[in-house]
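**Student:** Taking the hints into account, I'd like the entire structure generated from these sequences.
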Amino acid sequence: MSRVAGWMAGRIGGTVTALLFGLPSGSGPYDMALAPGPVAPGARGSARLVFADSPFGVAATADGHLRYEIRITAKALPDPASLGSYHAFVAWEVSADLKDWTRLGVVTNGVSTVGIATLNKFLLVIAAEADSGVDHHAGPTVLHGSSPSTWLQRFLNHPMFRGAPG
Amino acid sequence: MRGIVMALALCGLAATASAQDPGAPVPQTDHKTGGSPNIQMISHVVNHPGAWKAADIEIEPEMNRPYVYVSGFVNNDMQIYDIKDPAHPKMLVDWSIENPELHRGIGAMDGKSFKIGDHYYYAQSYQFMQGSPDAELGAVIFDVTGLPDPKSVKVVARINYPAAPGGFHNTFAYKHSDGRVLYFATVGEAKALVYDLAKVVAGDTAGALIGAVPNPTPFKMFGGGSYHDFYVGYDVARHRDVFYGAGLGGYSAWDVSKPEAPTQLFTITGFGMDIAHTFTPSPDGNYAVTETEYQYTPLRVWDLKEGQDGTRKNLDVPISAWTADWHDLSHNHEVRWPYVFVSAYEDGFQVFDLKDPKHPKTDGWYFTCGCQHEHGFGGNPDVNWEGNSVEQGAFGVDIRNADGLIVLSDMRSGLWIFRMKGFTGWDGTKIGTTNVSSVQDWAHAPGGMAPAQ
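Which chain is which? The protein sequence lines are A and B, in order.
Taking the working numbering, the leading residue of the first sequence gets 1, the next gets one more, and so forth.
Taking the working numbering, the leading residue of the second sequence gets 1, the next gets one more, and so forth.
Bear in mind the hints are in silico, worked out from the structure with no lab data behind them.
Keep in mind that the hints are not guaranteed to be accurate.
[Claimed, not checked] Covered stretches of chain A, going by a simulated chain B footprint (3 or more residues, C-beta under 8 angstroms):
1) 50-60
2) 95-109
3) 138-152
[Unchecked claim] Covered stretches of chain B (in silico footprint by chain A; criterion: 3 or more residues with CB under 8 angstroms from a CB of chain A, positions within the stretch not fixed):
4) 98-109
5) 118-132
No residue lacks a Cβ here, since even glycine has one placed at the ideal position from N, Cα and C.
**Tutor:** Below, the structure written as structure tokens:
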């Protein structure tokens, strides 16, 4: 399985990244491809990070984290009731260790803008939930993706800097 | 007369050209089925509904623990089967990483069973991509002592390696001559990691990383050169623990008698050796079978004696080669000298022997994939990992030495169990060599140099 080395190399660059991770050609560093969850294999979607309103040029929290609204375009989301006792799709900002889930807003087929996301790196999970107002995640995933920043590596992880065996 | 000679000469050329026939169609290599008469198919389990079923496979060595572990590959799970009745495997456990649908990567790759004291364990390696949850996770360790009770199976440790996200691709559990149970793991750096598993199961995962085996092959100059796979075995004649590594750049052997400070023995490098994949020696370390991971390449057979005795630092000419079908590629293998059991991707389960190492001979086969040629793994989750490689079909194989039972995992078709007629077990001492294989004697250190745990 040496082909693993291909994606393990983690090359970052416009075309390579777009092809490797399913983004449309020409997608930029604010775009996210969304993959369907197992309960909704026909669902499709993408998302774009948009700076939240701010009197300054860049929206940021007091401790320096960027503040984004997320413009989600979803297609072929099923009726949530067809998945069980669910009545809405809710977007969640999720930490990379899956421990922290923050509600971002309601998602429907078409374009929905949710937010505000403030983690440096996060997963975007859209799940069927019992109610549009829930503040705790419990339902099945219908779409999910990763913020573009998750593809950034630590400096010392770059292949150039790890040649010397320790 | 001259004209007759010319006519005969032209006829001869025509006959030669016909025999070579460069325009002949390539033989059909799709959807191979069936097997040789000496291979008995005992059972087959389609273990997942999707296009991809399994990566590697492990069988416990003791007859009173009839358990088989199947790594679920992109399904992100590991399954434990009870094969007390090999004709009717019964799934006991299907454990998945939490929130599997949010993970991206090739998932559950390789599993190794081991024993420390009175407890039995299983280590499941994982590989998740950068950007996925658990990208730093290398392995999940389970206490499986209480099998067949599925509720008794517990996660006791997780090994993370944040320095190089991407997880562990291959692993090897080894009973070292100093008595410790060690865990060798590949990682995305130019070295293999060495963990003391007693410390891992005790909860000291940070202190368990006791050493690393460098990959000295030329790819290191480019800042890469990680290992892909390895075997560790005790060299009885030379009284040393030897690590046989395969990775980017070639193969290398290391004396790991002191695993905190490995010393290099020799390498195998040369043209065609750059994508070195697997390196499995004979029980005495005098010969080895290697795989390189590209289509059309055969398994190569090497005479290692000049490397082992220090006469040569690099070997570059194999003594023979074997392939099931030159169109394809053979994958992992287990050596039970003189037999080599191969999980041969599209060519399923294959067996050849090295009774004469210069002339490998095919002994049996059973096609398990039934797949379309060159429609294999593609390395991209966004297209369900589908591609045009020959990396599909039989992935892993394992042998229970006690009775010769053979288990095989097929990426496309799942779990298979076989027997080979006349092969009722393996003990090296009964055939005039040392009893060294991938199967470990957890109760006794090899070489008899350390007391049993």
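**Student:** Each hint: holds or not?
**Tutor:** Verification of the hints:
{"no.": "1", "hint": "50-60", "verdict": "violated (count 0)"}
{"no.": "2", "hint": "95-109", "verdict": "holds (count 3)"}
{"no.": "3", "hint": "138-152", "verdict": "holds (count 5)"}
{"no.": "4", "hint": "98-109", "verdict": "holds (count 7)"}
{"no.": "5", "hint": "118-132", "verdict": "holds (count 5)"}
Of the hints listed earlier, the one the structure fails to meet is number 1.
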